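J.: Starting from the given sequences, assemble the full structure and let the hints guide the process.
Taken in order, these protein sequences are the chains called F and U.
Residue numbers for the first sequence follow my numbering, so the first one is 1 and each next one is one higher.
Residue numbers for the second sequence follow my numbering, so the first one is 1 and each next one is one higher.
The hints are simulated quantities; they were obtained by calculation from the structure and are not laboratory data.
A quick note: this is a predicted structure, and the numbers were derived from the prediction, not measured.
Every residue gets a Cβ at the ideal spot worked out from N, C-alpha and C, and that includes glycine.
Facing chain U, a subset of chain F residues (Cβ under 7 Å, in silico):
(1) 144
(2) 342
(3) 386
Take a look, some chain F residues computed to stay more than 10 Å from chain U by CB distance:
(4) 285
(5) 321
(6) 334
One letter stands for each residue in the lines below.
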Amino acid sequence: MIALLVTLVIFPLVGGAAARLLRLTLPPTRSSRFAFTFLLGLGVHGTFLYILGALRVPLGWIAFVAPPLLALLARGWRSALGGPSEQRFALSSIVFAAPLVLLLFASAILPTRDYDGRVTWLPKARAIALESSISGPFFHGERGLNLHNRYPLLLPLDVATVMKLGGDTRNEAGRWLYIFIAISALVVLRAYLRKWYAASGGWIAAGVAWLPLLTTIEGGALAAYNDFALAAFFGIAVLALLDDDARAAGIFAAFAVMTKNEGLALAVAVLIAAAVVRRMKFSMLVPIALAEAIVVYCRRLVPPAYDEQYEVLLSSLPRSIARAPEAVAAIAKHAGEFQVWGGFWFAVAIAILVCAMRAREKAFVIVLVTIVIGLAAYVVALTVTSWSIADLAPVAVNRLLAQLLVPATTLVAMATHSLERDQAARRASQMR
Amino acid sequence: MRVVAIVLFVASIVLAGAPRLREVLRDANALAPLTFESRRARWFGKWYPAVAQLRNDIPETATVDFVLLRPEARDIAVLGAAELQPRDVRLFDGWDAWRKRERAILLHDDRAANAVPGAPPHAAQYVVIVDPQLEPPLRRTEATR
Chain F
1 MIALLVTLVI FPLVGGAAAR LLRLTLPPTR SSRFAFTFLL GLGVHGTFLY ILGALRVPLG
61 WIAFVAPPLL ALLARGWRSA LGGPSEQRFA LSSIVFAAPL VLLLFASAIL PTRDYDGRVT
121 WLPKARAIAL ESSISGPFFH GERGLNLHNR YPLLLPLDVA TVMKLGGDTR NEAGRWLYIF
181 IAISALVVLR AYLRKWYAAS GGWIAAGVAW LPLLTTIEGG ALAAYNDFAL AAFFGIAVLA
241 LLDDDARAAG IFAAFAVMTK NEGLALAVAV LIAAAVVRRM KFSMLVPIAL AEAIVVYCRR
301 LVPPAYDEQY EVLLSSLPRS IARAPEAVAA IAKHAGEFQV WGGFWFAVAI AILVCAMRAR
361 EKAFVIVLVT IVIGLAAYVV ALTVTSWSIA DLAPVAVNRL LAQLLVPATT LVAMATHSLE
421 RDQAARRASQ MR
Chain U
1 MRVVAIVLFV ASIVLAGAPR LREVLRDANA LAPLTFESRR ARWFGKWYPA VAQLRNDIPE
61 TATVDFVLLR PEARDIAVLG AAELQPRDVR LFDGWDAWRK RERAILLHDD RAANAVPGAP
121 PHAAQYVVIV DPQLEPPLRR TEATR
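T.: Structure, rendered in structure tokens:
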């Protein structure tokens, strides 16, 4: 119960104050503002601790409570968390909320079950909470088994906060944080889709809330895998870019960099999309560069252990290129898995064709570029991996595809809305 | 056209998602009456109560050697080591490796940074054998073969 309280108070508080301080554009409704500030708070709080950790400042109680205390003093959180409630009641709201409420109920009961969360990510959070450091004995192989020692630590730092302040270092201390990340991402997505694409947007978001992927043990919304966190940060960066808030786009893309290694590729996708539509600003580049600097610096504080050597893997790309078609086929095969995705990616493919014919605007270019670059990065990753693609794809591809959930859903809503515009235009011409 | 597109999209996902959601809720309902420890034990299987017992018996500051008696022991050894954190658990592939103090290499990949974390460890205060075919699959031993 304390973990729930800490999760729902600390991060929105920090996020609310940060949103005001950084003058970020907030989503349109009260619920989506709360969700947005929750995610922003995760990023800002984790970054603050990451910097302290890099400077080898002990991450004790003072470090964990400093951001929320500063947020309370700044007071900006109050205005950021306000705002209008839902524009009007809609049936799609019930369809959207029902599965998420049920997932929340399941999250309260089920133990954390995913393998990578239990052996890779949560032990890092527990070590930070217990050792007050991101480079303590655990990270030097002197206090238990640490797999993938050099992975980015934004989320473990947030989970460590919940563990420390909640006085509970069991795996389940972080479960509220993970489920609220997935829910918050969908709530913010829905608010923007309703703003831009009206009822079409609301219904498309409602459908996505039922994705079987959310209930998957490995990499689903109840898992501690961090793929939904990456999907949330990257997704909001794309939504912010669509909303013409380059600063917010850069900040959320920076959080993606500090969440998982593939976050860098997705942040680059956001930058390229911004450059293509001429919305690139210096304010986007700075946080992403700083985030990568923090990750690279902290990586050097600890020895590698079961870590990928990306420079070695990437340099082997010319020799591995013959595997690229197999990688593409593996991604396509998993995207088409009905029991994981329903018809989602099939709809995305059709939406690309529809938008290419009817909605060739900046928004389409932005989401298309981010999806294409994201997919290209995954193809390269599968191509150069030391694993056999047939072994790796079943455990990795759906989680990677989940990271593209927000721009892909936006594309479907955009296409659907373009059909509506078409109908309206046809009706108007008939009237004339 | 728009309505048809939306209905097809939502229906295709709900048709796939609802049964999965029902399964998750059924799991949650089945586990709800139990304590959290019992839920874990029910879900994870027989290795978990064995690790929970070790957690009760071994102090948090202790060092623990896990000796894996067969390759299939790796999964539960890794999960068990995480559950025993902050105890310093070291993994060894069999008694030979344990005697030579050579940590288990869990991932054989010449293009990854496979440095085994930490220096070769001294003998631990506790030795645990790990074998999924044993009952319990993780058990303390005084034996030093």
